[in-house]
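Going down the list, the protein sequences come from chains G and F.
If you number the first sequence the way our numbering does, the last residue is 520 and the count never jumps.
If you number the second sequence the way our numbering does, the last residue is 196 and the count never jumps.
Errors might be hidden in some of the hints.
[Unchecked claim] Below 20 Å or equal to it, Euclidean Cα-Cα: the simulated PhoX-like pairs (lysine-lysine) are: (1) 167/G - 65/F; (2) 311/G - 53/F; (3) 276/G - 234/G; (4) 170/F - 109/F; (5) 193/F - 311/G; (6) 65/F - 109/F.
In short, the hints are calculated from the structure, not lab data.
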Amino acid sequence: MESIIIVGSGVAGATLARQLLKTENDYQITVFEAGPDFKPGDYRIWLDQVMADVDLYREFVDDPRTEHEHFGLRGSRLFVKGGTTNHWGGLTPRFKPEDFELKSRTGFGTDWPINYDEMAPYYAEAEILLGITGDSENDDPPRYGAKYPFPPTAFTLGDVLIIEALKTHDISYGHMSIARDGNRCITTGTCNYCPVNARYTALYDLARLQDEYEDKLTLKTEAPVTKILMDGKKHTRGVSFLNLKTGTPDSMEADAVIVCGGTIESAKLLLSSANKDWVDGIGNDSGHVGRHLIGHPVMGASGVRPGNPDKLAGELGFTSLISRHFDSPEYQHKGKMWFSGSVGLNSSLERQILANVSRADMDASLISGMRISLGGEMEQFESPENRVSLGSGTTRHGLPNTEIEVGVHEINIKTRQEHVQTFVEILKTAGCTEDSIETDAGDPDGAHASSTCRMSSSDVDGVVNPDLQIHGTDNLYVCSNAVFPSIAAANPTLTLSALAVRLAEHIGEQSPLVPLSGSH
Amino acid sequence: MTELKIDRRQLIRMGLSSSVLATLPLGCVMLGNDETDELLQFVSNSRSPVDAKRTGSLPQEDFEKLVGLCQYVNRAWELDADMGLYFNRLRADLDFKTSEEPSYLTEYKHAVELISRMVGTTSSVEQAWASLLFADSDVENFPATKLGRARRLVFSELITHQIPVSGAFKSFGLWNYSGYFGGSFTAPESYRKGAV
């Protein structure tokens, strides 16, 4: 039996645990999570969400003092079993082939040391694992015959209004791929906490794994890992952690350690594990740990279209429409972008009743108009000056505080404004009055933070090799958005899950996990 | 108790809609305006239910008083929902809210006390509910009072439950609503689908 420690219980940790446990190898896996346990698919929790609009995850967000106004971490990630998948939207587009060749095609950032075709089979497997609905016929990017487990979500009547406007502008569109189990779903619109686990969460995935592999999988919650323990420069022997339930420090040995703590905490853990062999932090001899931090600049616009005879409203509860028209090679040098759209009520029915709006006024309001909203995310170009480092003092989890320095490339700022203007033109074509249109554009935040332990062929250019092994080590890995050399425009979770599948396959082929004594 | 007589003009000024006013008999709505009055009695500033560890089942007679709100809203807003079916589901859901922590049992009991009192002192059930929900908007500035808490933690939550779960939203011409158990999004009738 060989032991593996996974640091972090989000989508990467859960996917790795599942994939490793189903190999023929005899693994004993321990997953460490800094935050507490949480119940998946609990009816009472769901009821409170629906009736009281409770912010279910408020106790799992960053400390107020770790708020970074220019790169908001608070609320964009969660410290709890299942990590940020507890409140994610479930949007799962693949990266496109050109996204792996950013430097070669644009001169910005760096290329991935692996390409789209190498990733394609792992994308297909991850789409099964996450239970994704999507359009298997859409070959942009190429699917090579792979089928989504569930057919695409049908467009809503409201989508059609937006699609007609897109057609006028010759803007392509398609079905959003989204992590929703269509066979299990019983209600839509409350996906932020699904009562039946139809939306993928690592929380539920791990709960199932704990049932399935009772003797093989241990999950330690409220157990933040504070240091990776090394025997010499190449070999990890385990981790130190805090037991927050007892307030005591502890340690655990293992044959391999995989850091899945997200972009911020993974980099911080390598930095805070500095020792005599790695004086600037593990994997940081070339100074890349914590650097190149990027996220997704976001943008949106909404307006009111007069008249709504069909009383269109947000009946689906999540988005079914995506346009990747600007997420294409032609736009890569400016910053690619995808966007979606929806039609909704200005105010919910219950709010209107509670505000004592009469039935006649509610009916009149419904047919008087509709709000059409467009929103998207774009690729950010990296800079080595954008970085995460260790702050002074500790968080409530006993982890070092976070320091972040980040700016947005001027090309990204300019392109973002162009994209917002495109939204305005689409809304006008869709019938929104000009004076009703409002726009918004924001800098990246911690939600899709990436690239602080980037993947590279050589240790000069990055932190981990194409197998996600930290350069210069033989049993220490990072599997998080941190390893992305660039972030593309697409949401990162599917790509991360695919990388986790790929890493599990690689580790499964290593026998033994630890090279024989003397070889390191 | 000091009583304040509020006529229709005052009700309109406070924001009551014409449809609600139409349900009221000629006369007035009585509300206490004395801060020592039970309605404005301080209970708690907490956003969580008081006595959250006190679990148990809400007696059926109390449940029936509470669901008077749903019947009133169903009538006044012409929601046309099948209340019999809905009440079975609501009964089960309120049991979830009172049998597990944080329990709403004490908040519901406080609300029932207010309902009993208002129904006993006003000339109609409609009038009682209009007063409990909307009259004396200053109460909104005192959310820690018995009435303020009942509005926020009980009445507001019940209406927010009623619109999706009873299917009341359908009377507005919508097919689906956040929280409605209408089946999977893959079902043909689950929401209005558009052809492209």
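Tell me the numbers of any earlier hints that the structure contravenes, in ascending order. 1, 2 and 4
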